[in-house]
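From just these sequences and the hints, can you work out the full model?
For the record, the sequence lines run as chains A and B.
The first sequence runs contiguously to residue 380 in my numbering.
The second sequence runs contiguously to residue 292 in my numbering.
It is possible that part of the hints are untrue.
Listed next, the in silico PhoX-like pairs over lysine-lysine satisfying Cα-Cα at most 25 Å (straight line) [said to hold, decoys possible]:
id, chain 1, residue 1, chain 2, residue 2
1, A, Lys61, A, Lys207
2, A, Lys2, A, Lys61
3, B, Lys265, B, Lys286
4, B, Lys243, A, Lys246
5, A, Lys289, A, Lys246
6, B, Lys243, A, Lys56
7, B, Lys286, A, Lys289
8, B, Lys243, A, Lys82
9, B, Lys265, B, Lys243
10, A, Lys80, A, Lys56
11, A, Lys136, A, Lys61
12, A, Lys246, A, Lys61
13, A, Lys289, A, Lys82
14, B, Lys243, A, Lys207
15, A, Lys82, A, Lys56
16, A, Lys82, A, Lys136
17, A, Lys246, A, Lys136
18, A, Lys80, B, Lys243
19, A, Lys56, A, Lys289
20, A, Lys2, B, Lys265
21, A, Lys289, A, Lys207
Some chain B residues close to chain A (C-beta under 8 Å, calculated; not the full set) [unchecked claim]:
id, residue
22, Arg19
23, Gly141
24, Tyr159
25, Thr238
26, Ala239
27, Ala250
28, Glu261
29, Ser278
30, Gln291
Please keep in mind that the hints were generated in silico from the structure rather than gathered at the bench.
Where is the CB? At the ideal position from N, CA and C, for every residue including glycine.
Chain by chain, the residues:
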Amino acid sequence: MKIHEYQAKELFRREGIPVPEGRVAETPAEARQIAEDLGGGPVVVKSQVLVGGRGKAGGVKLADGPDEACEKAAAILGMKIKGLTVTRVLVTPARDIAREFYLGIVQDRARQRPVLMASAAGGVDIEEVARTAPEKIVTTPIDPVLGLRGFQARQAAFRVAEGRTAAQMARIMVQLWNTYRRVDANLAEINPLIETPGGEVWAIDAKINFDDNGLVRQPEIAAWRDPAESPPEENEARAAGLSFVKLEGDVGCLVNGAGLAMATMDLIQHFGGRPANFLDIGGSSSPDKVVTALDIITRDANVKAILFNIFGGITRCDDVARGIIEARSRADIAVPVVVRLVGTNEEEARALLAETDLVPAATMDEAVQTAIRLAEGGAA
Amino acid sequence: MSIFVDRDTRLVVQGITGRDGGFHAEQMQAYGTRVVAGVTPGKGGRMALGLPVFDTVAAAAAETGANASCIFVPAAAAADAILEAVDAGLGTIVCITEGVPVADMNAVMPQVRAAGARLVGPNCPGLITPGQAKVGILPGGIVAPGSVGVVSRSGTLTYEVVWQLTQAGLGQSTCIGIGGDAVIGTNFIDCLAAFQADPETEAVVMIGEIGGTDEEEAADFITANVDMPVVAFIAGRTAPPGKRMGHAGAIISGGSGTAAEKIAKLSEAGIPVAEIPSRIVPELQKIYTPQA
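Here you go:
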């Protein structure tokens, strides 16, 4: 899960990281008021959307005072950035920049622990720096139990800066770690951390992503979820305990298990079709879950055929078939449905399906090819 | 022979009085696994499925000589359950639980390593040595004893592939699902090393997916250390970047972890990568015939 810059800054502030003041506006008039409240000087008006590259897209603008803040907010509010409409802007005092640094803590999968990354090449895309000039990034693995120690932070800070700036940076690194650990983040980033001509250090941008598995113990953060992060179908599926990702094709998929669901999507593409979604209905194929899933899939006007691919395993296939038949009768479905079931009692399951208008298939390849043909308007 | 579990496995089931723990403990017993005890704090002294239930893993191990554990506790309690099994000296710990926070696994792994324990999972289906023992939730009916080792990040996709192997007459030494999370106890390299060291395993099928770089590292490991035939499959060729595809670890982030990268790296190492699941068996048959 992601949160907005202004929310990440709030979490940073709580740990003592120096963040410029600022508030969120939903109208140009509010933006003017905030700029006045901030003293009437130059401000930055920053779109609050959950995608990167806001600056390049024209979603971050400098204003010389309240009137221009109003104008810039009017220009930014309502614009679309990577498909997301801007409904809020952060208005914050502009700072003069002498130098820009990068600070980030991210989960390192291979090391099985978080790592601190610091660089004097701040303000740019750090993934690009990592690709083209990795020597410019100082990487420090963090012991998950001991945490980021003060000496580690100083070692890193004094490699990318010096003097009082480095000392302040080292303190901020530890505060960044405290934030990361406290909220179950898997990314916490300040890009850039700036030094002003007067030697002050400020976090002028903030980004935090969260470990979805940690959200159950972070109720405050979980409540910050912005539904605009995902399409409405994905939010609905999540609430029903389904793992769903919307795609652009015409074959709707219901599969048990994430790996098999991915392989099913891939197979549709392999045989020349296009999957409409990724959907893992999980271990128990209860009729209620299947009904919700069918409901979400059939609302997509692109969907021309539906494919069930269920590897029953221990679950009895005849039970799964009854669930699908019940769900089929409760949901309003105008497109053909192909069902492939494997596992215990699969013959009984196929006999049950034969009494319905569901189209049975024996193998994954057959099921996918049949579904593609039906989606194209062909016969079963 | 086999890897990690066999007929000498003496299993304790943590969370045996729960719905999933009870159901699968019974399935494991039915398969022939030597399940020796259950653990549920506060329910010590009772019986479940004809087995003694203990309050702690330490008590269960002391009383029954258990040497392995299968964990079915809720996500919030999973890290503690793993550490408890480590503390009790169990050598093989299989955590089925899904949804364990990454920070918890970061903290647990150094303890697992220090104790020299083998943790499989979390968020995994466990493993099965056909005809000997199953520890986890894999369906026993789809496997057959033999010499192909199977290692996978998936659950049902593993069953799909194992079932195809069995139907083609290719039995398995051990089938292991290592789990779909970003931080897991046992990775591809651990399994490949164990299969290489196992005299009964003659070939390996490796099923990867998007996210992370474990498959790439496995490719290097195979080049350097594995002399038996290996066939791979990678799920998620069509997965969009930045989206978590069900498994917590199945996400293309910052442009890395794509199926294309993994397939390229495996192919460079000379490992055939089946384009679709039904090609895995034919690809394996091209380079491997079971010894009589």
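Numbered hints the structure breaks, given as an ascending list:
As far as the earlier hints go, 7, 11, 12, 13, 16, 17, 19, 20, 21, 22, 28, 30 are violated by this structure, in ascending order.
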